[in-house]
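Please construct the entire structure, taking both the sequences and the accompanying hints into account.
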Amino acid sequence: MYTANSIRNVCLLGHSGSGKSALTESLLYMTGVIDRIGKNADGNTVCDFDPEEIRRNISISTALVPLDYKNCRINLLDTPGGFDFAGAVVEALRAADAAIIVCSAKDGITVGFEKAWKYCQDRNMPCFIYISKVDEDNSDYNATFNALRERYGNGVAPLVVPIWDSNKKVTGIIDVLNKRAYEMQNLKRVEIEVPAGKDEVITEFNEALKESVAETSEEFMDKFFGGEDFTYAEMVQGIHKGLIDRTMFPVLCGSGVTCLGSLMLMDKIVELLPNPLEGNYHKATNADGTIDEFIVSPGGVPAAFVFKTVSDQYGKYSFVKVLSGEITSDTTLVNSRTGETEKLGRLYTMCGKKATEVKVLSCGDIGAIGKMDKVKTGDTLCDPRKVVSLKALPYAEPCYSVAIAPKTKGQEDKVTAGLNRLNEEDPSFTLVNNAETKQLVLSGSGDQQLDVLVAKLKSRFGVDAVLFPAKVPYREKIKKTVQAHGRHKKQTGGSGQFGDVWVRFEPQEEQDEMIFAEEVFGGSVPKNFYPAVEKGIQEAVQKGPLAGYPMVGLKAVLYDGSYHPVDSNEMAFKLAAILAFKEAMPNANPTLLEPIASLAVTVPENYVGDVMGDLSKRRGRPMGMTPDADGNTVVEAEVPMAEMGSYAIDLRAMTQARGSFTMKFERYEEVPKANQAKIIEDAAKDDE
Numbered sequence: 001m002y003t004a005n006s007i008r009n010v011c012l013l014g015h016s017g018s019g020k021s022a023l024t025e026s027l028l029y030m031t032g033v034i035d036r037i038g039k040n041a042d043g044n045t046v047c048d049f050d051p052e053e054i055r056r057n058i059s060i061s062t063a064l065v066p067l068d069y070k071n072c073r074i075n076l077l078d079t080p081g082g083f084d085f086a087g088a089v090v091e092a093l094r095a096a097d098a099a100i101i102v103c104s105a106k107d108g109i110t111v112g113f114e115k116a117w118k119y120c121q122d123r124n125m126p127c128f129i130y131i132s133k134v135d136e137d138n139s140d141y142n143a144t145f146n147a148l149r150e151r152y153g154n155g156v157a158p159l160v161v162p163i164w165d166s167n168k169k170v171t172g173i174i175d176v177l178n179k180r181a182y183e184m185q186n187l188k189r190v191e192i193e194v195p196a197g198k199d200e201v202i203t204e205f206n207e208a209l210k211e212s213v214a215e216t217s218e219e220f221m222d223k224f225f226g227g228e229d230f231t232y233a234e235m236v237q238g239i240h241k242g243l244i245d246r247t248m249f250p251v252l253c254g255s256g257v258t259c260l261g262s263l264m265l266m267d268k269i270v271e272l273l274p275n276p277l278e279g280n281y282h283k284a285t286n287a288d289g290t291i292d293e294f295i296v297s298p299g300g301v302p303a304a305f306v307f308k309t310v311s312d313q314y315g316k317y318s319f320v321k322v323l324s325g326e327i328t329s330d331t332t333l334v335n336s337r338t339g340e341t342e343k344l345g346r347l348y349t350m351c352g353k354k355a356t357e358v359k360v361l362s363c364g365d366i367g368a369i370g371k372m373d374k375v376k377t378g379d380t381l382c383d384p385r386k387v388v389s390l391k392a393l394p395y396a397e398p399c400y401s402v403a404i405a406p407k408t409k410g411q412e413d414k415v416t417a418g419l420n421r422l423n424e425e426d427p428s429f430t431l432v433n434n435a436e437t438k439q440l441v442l443s444g445s446g447d448q449q450l451d452v453l454v455a456k457l458k459s460r461f462g463v464d465a466v467l468f469p470a471k472v473p474y475r476e477k478i479k480k481t482v483q484a485h486g487r488h489k490k491q492t493g494g495s496g497q498f499g500d501v502w503v504r505f506e507p508q509e510e511q512d513e514m515i516f517a518e519e520v521f522g523g524s525v526p527k528n529f530y531p532a533v534e535k536g537i538q539e540a541v542q543k544g545p546l547a548g549y550p551m552v553g554l555k556a557v558l559y560d561g562s563y564h565p566v567d568s569n570e571m572a573f574k575l576a577a578i579l580a581f582k583e584a585m586p587n588a589n590p591t592l593l594e595p596i597a598s599l600a601v602t603v604p605e606n607y608v609g610d611v612m613g614d615l616s617k618r619r620g621r622p623m624g625m626t627p628d629a630d631g632n633t634v635v636e637a638e639v640p641m642a643e644m645g646s647y648a649i650d651l652r653a654m655t656q657a658r659g660s661f662t663m664k665f666e667r668y669e670e671v672p673k674a675n676q677a678k679i680i681e682d683a684a685k686d687d688e
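Per the numbering used here, residue 1 is the first one in the sequence shown, and the count goes up by one each step.
No wet-lab data here; the hints were simulated from the structure. C-beta atoms are modelled at their ideal positions from N, C-alpha and C, and glycine is treated no differently. It is possible that some hints are incorrect.
[Claimed, not checked] Within a straight-line C-alpha distance of at most 30 Å, the following computed DSBU-like cross-link-like pairs (lysine-lysine) qualify: (1) 359 with 376; (2) 673 with 617; (3) 527 with 582; (4) 543 with 480; (5) 543 with 490.
[Claimed, not checked] Cβ-Cβ distance ranges computed for the label pairs, FRET-style: (6) 39 with 626: 45 to 55 Å; (7) 662 with 461: 25 to 35 Å; (8) 204 with 374: 55 to 65 Å; (9) 417 with 677: 38 to 48 Å.
Written as structure tokens, this is what we have:
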């Protein structure tokens, strides 16, 4: 069992394809967990074990890998780089105390790198930068490093000097702190002589490191200006503090294929990155509603945060980070969300899909609890003596919505049940049964995420589903006042039915609900039939005359009619009112209304023109532009929601995934006449 001081919780971040999973494989190999290095293309890596990950050759969820190295436990969280799976990154960031942002020497600074940097910046999280694929063709370590320095400043500090051959391929590395050189021979690290001519570069980088270390404390500053040399321990202490203060961002490099740099990376993780007691800063809501800083404490009462759930063919596992005390498989804790007491199930450490049972998880460690049916991602499990609730995971608001339905009619319940199970694993998507459009609407980050959900529905729950555009909830209203007569007369051998009404229909501004009034004189319609007339019109306004959408902005005034002392009843007057409505509507100048949303698009300045041009094609009205704190521009506009179905995907393509947006319903407005015919035609097809 490891103490909190000897645990490092680190998440790997970076663009899809930057080499995170390959790096993880190399670390597993170098620590003896696996005896051969898997490849994404072969579908045999430890972290990408889900059938969908193997089929698509991408990571879809965060995988946990524990590495035992130099009497230290490194819990590595390998996150997906695809933007549709950012929910999994949010989970890993909550469990980690530091990050390694992986950046390929072939691609340089990508959008995924920028997003990862911003994640760490927003959370004040210490991070290494790891330049991957340094030994591959067309890789350029220097260009990548220089671009990082230029973008993020002199805090980007190299801990490594690559060794090149005559073809500019990296064949070895020099540890700047130790001034020792290494190369790989048959996947084994071999120390070599520092090549001739490298001394100057090492000295230059070492001096730059010393300068950065000097800035971490007054004592070091005095020593530096006094011309004294720092000891190795002082250099480590200074870089460690610079990391925590986010004034230093050490750079390492290597290759996941040859394992070059992998041992050095683990050395630096152990030496320099914070342990859980120094790591992520948490805030907790107490039972009385007050908010305090949560202190990670080995000696405290037990508390653990559920940051991820896996609910698949291998069983249900609640992944936890222990934040206080220790937990065992018979510990009884309170779930602060439900208030219920939970006796913990079996405890495991997870390595990809492989679960190894353990007796205890200590403070700062990450593991999983089996079969906790009532526990969800984001729950805090705590001691009854100190019930606290840690902040919920900040999943992004879903921005891409489609309708989902089973291929075979009658399997709607199966689709809903399957998606609800998948939602336990991935809370970043939502499922809403829209009563108005009678569609099941699935919302997430993008088409890839929703496509994966459909594939999982089939493989895990045996139900085939299809995705198609979600219907727009249009409305209808009238623009002219009309009067209409409705008479329902049915006389048979027995008692008949008779209802006779005159109703005036008037348009109303800013009024959703139908207003009913009466101006009947002389008892031509008895008062006890008024509610039946209102009920008939209320029923009729649910389907407007143009395309069957609900009507708004309508006032109905009953002003005359007649009745039969024997044959009149409530049903007859209700039906008469419906007939009056149907007669009146075509003559009342009916029109369609569409939902209008306020849109805020955040993009770098150089994409503003493209965004504005695109919005005009969507019938958008620009409302203004403002700069934000990160140097981006926020474009504000009002847009018809009917034009925004694919906006999440289109904006991503338009801005190389650098743009984001929020959208909020504002009001209904009349659809331009030119667009109405198509909507009416589509509605008629749906009714066939």
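(message) For each hint given before, does the structure comply? Return the numbers of the non-compliant ones in rising order.
(response) none
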